[in-house]
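Single-letter residue listing:
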Amino acid sequence: MAAPMELSCWGGGWGLPSVHPESLTVMAYAKFSGAPLTVNTINNSWKAPKGDIPVLVSEDNVISQPAKILNFLRKQKYNADYELSAKQGADTLAYIALLEEKLLPALLHTFWIEAENYCSVTKPWFASRIAFPVSLYLPGKMSREALNRILLTKGGPPLYSLTEVEAQIYRDAKECLNLLSKRLGTSQFFFGDMPTTLDAFVFGFLAPIYKVCFPRVQLQEHLKQLPNLCRFCDDILTCYFRLSVSGHSPAGKDTADANLQKLTQLVNKESNLIEKMDDNLRKSPQHPPRKLTTLKLAAGGEESSPFNRLSP
Amino acid sequence: AAEPWPENAALYQQLKDEQILLSDNAASLAVQAFLQMCNLPIQVVCRANAEYMSPSGKVPFIHVGNQVVSELGPIVQFVKAKGHSLSDGLDEVQKAEMKAYMELVNNMLLTAELYLQWCDDVTVEEITHPRYGSPYPWPLNRILSYQKQWEVRRKMKAIGWAGKTLEQVLEDVDQCCQALSQRLGTQPYFFNKQPTELDALVFGHLFTILTTQLITDELSEKVKNYSNLTAFCRRIEQQYFEGHDKDSSAIAARSAKRSLLR
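Residue numbers (this note's numbering), protein chains in the order written: chain W, 1 to 312; chain U, 1 to 262.
Don't take every hint at face value.
Taking lysine-lysine and the PhoX-like style, the derived pairs with C-alpha atoms no more than 20 Å apart in a straight line are [stated by the list, open to error]: (1) U:Lys58 to W:Lys154; (2) U:Lys95 to U:Lys80; (3) W:Lys68 to U:Lys164; (4) W:Lys224 to W:Lys182; (5) U:Lys95 to W:Lys87; (6) U:Lys155 to U:Lys58; (7) W:Lys87 to U:Lys193; (8) W:Lys174 to U:Lys95; (9) U:Lys58 to U:Lys16.
Hints listed in this document are in silico derivations from the structure and should not be mistaken for laboratory results.
As the structure is a prediction and not an experimental result, all values here were calculated from the model.
The task is simple: from the sequences and hints, build the whole structure.
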């Protein structure tokens, strides 16, 4: 139990400690059960572990899937479920199966298969965190695996085209979200006041949908219509991850005040700049402001297009 | 959809004695149990090419009037459109629970059955290959069963089950049975007094596992560890299958027919 435990997982963004659902599940469970994990986010180095992420390393044990990692933590006496009855434990397994069958395909699709989302958000994000030249290959491989999984499990007849499969999996996902919302009701967590394994899994799956900013967001919009699920994610983020919804620490009024101060400073700076510009313009009438702005826009346009061509 | 249920509704599955496999038999029995619970008469018809006749490629499928519907989920919805439903009395939270438990059975029990049938080499060689292709002449029987095996193994790989050992799969079955047993408790059905589609599905799978003879008894032993589950199966069999014609599949399955057949 005193052995140090290290978790390697994908890093965070958009206010989340991790963008990867399985890594987020493990991190949430560790917070709920009080397990002392050192979290190593995968960055641009060659020391990143190959194989499934997240990976827990403790002494000689290397454990890779979320269910197995949670089992290992429970054996080390970090158990978030000890107050649950047998029936609630059974419910946990059933709801996790529901998440994997109904919600996971749509989640994978939003991240890895929807073309706009993949090219503009997912691929650059993951590629920036993997060492070159693996970064040219690994995101593509993850995308192909996701498509394969969806087609093999959901893509049989009578659904014959990818669009029909997509329509079906989003329907299933929306129904699953509705079911989760009904089950959660008005309570803070799924089994009363203390978070458990099920809360970790639901949070791991819902938070990326809720927070990551994609161009195509039909699932996120549906989720935002279920306020109790949104409140559930925000509560866990503020209570257990010490992050406010804007992504800075510590939570609460301090952040709001700090943000307000920064905003007022920015606004003051802007107004000072504008005053200076006005003075300059008044002093030199032969330079009308319109030419200045078009020059700036052209410069901006030229600068941005080479970047567009370089990005994958 | 407002037509009444006809008298000549038929359920198609593969040949009972020689061809049908564990997972398909479980699915077929689940549908039969569901229809019995709704009091809708159905005739079981066995055809060697049932899988190919089905609109989704999966058995069983039912032929009602001029419509063909396959698999338990769509059949439940179809029956509901005709005005019969077993889960109307449940509130929203219970319906969510029922759907979650049905997914658990599909996710763990069905996948474990498929794994055992198609990814465990001994079972594949001795039971699955001979049974699956039995209506067809050589070499078609071998080609069809290899094709099916390749498909199932691809799917297992995609969902991460290909790396599991048989012991791990049996442990998952045990976990699933434990969850079902704890949820059932001492009640007669999963949602107390009235059976629902969840009861039909669980019955289909557990009864088939208990009465099918495989290479080893490990799978049925896992289920037998939970006495309330075996009592549940016996109760449903007695209530819905005995007293009907003697060649209904439940009674027939009891005799050890799935031994090593050629």
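Here is how each hint holds up against the structure:
1. U:Lys58 to W:Lys154: holds (13 Å)
2. U:Lys95 to U:Lys80: Cα-Cα ~14 Å, so holds.
3. W:Lys68 to U:Lys164: Within the cut-off at roughly 12 Å; holds.
4. W:Lys224 to W:Lys182: Satisfied, since the Cα-Cα distance of roughly 15 Å is no more than 20 Å.
5. U:Lys95 to W:Lys87: holds (16 Å)
6. U:Lys155 to U:Lys58: holds (15 Å)
7. W:Lys87 to U:Lys193: holds (18 Å)
8. W:Lys174 to U:Lys95: Roughly 15 Å between the alpha carbons, so the hint for Lys174 of chain W and Lys95 of chain U holds.
9. U:Lys58 to U:Lys16: holds (16 Å)
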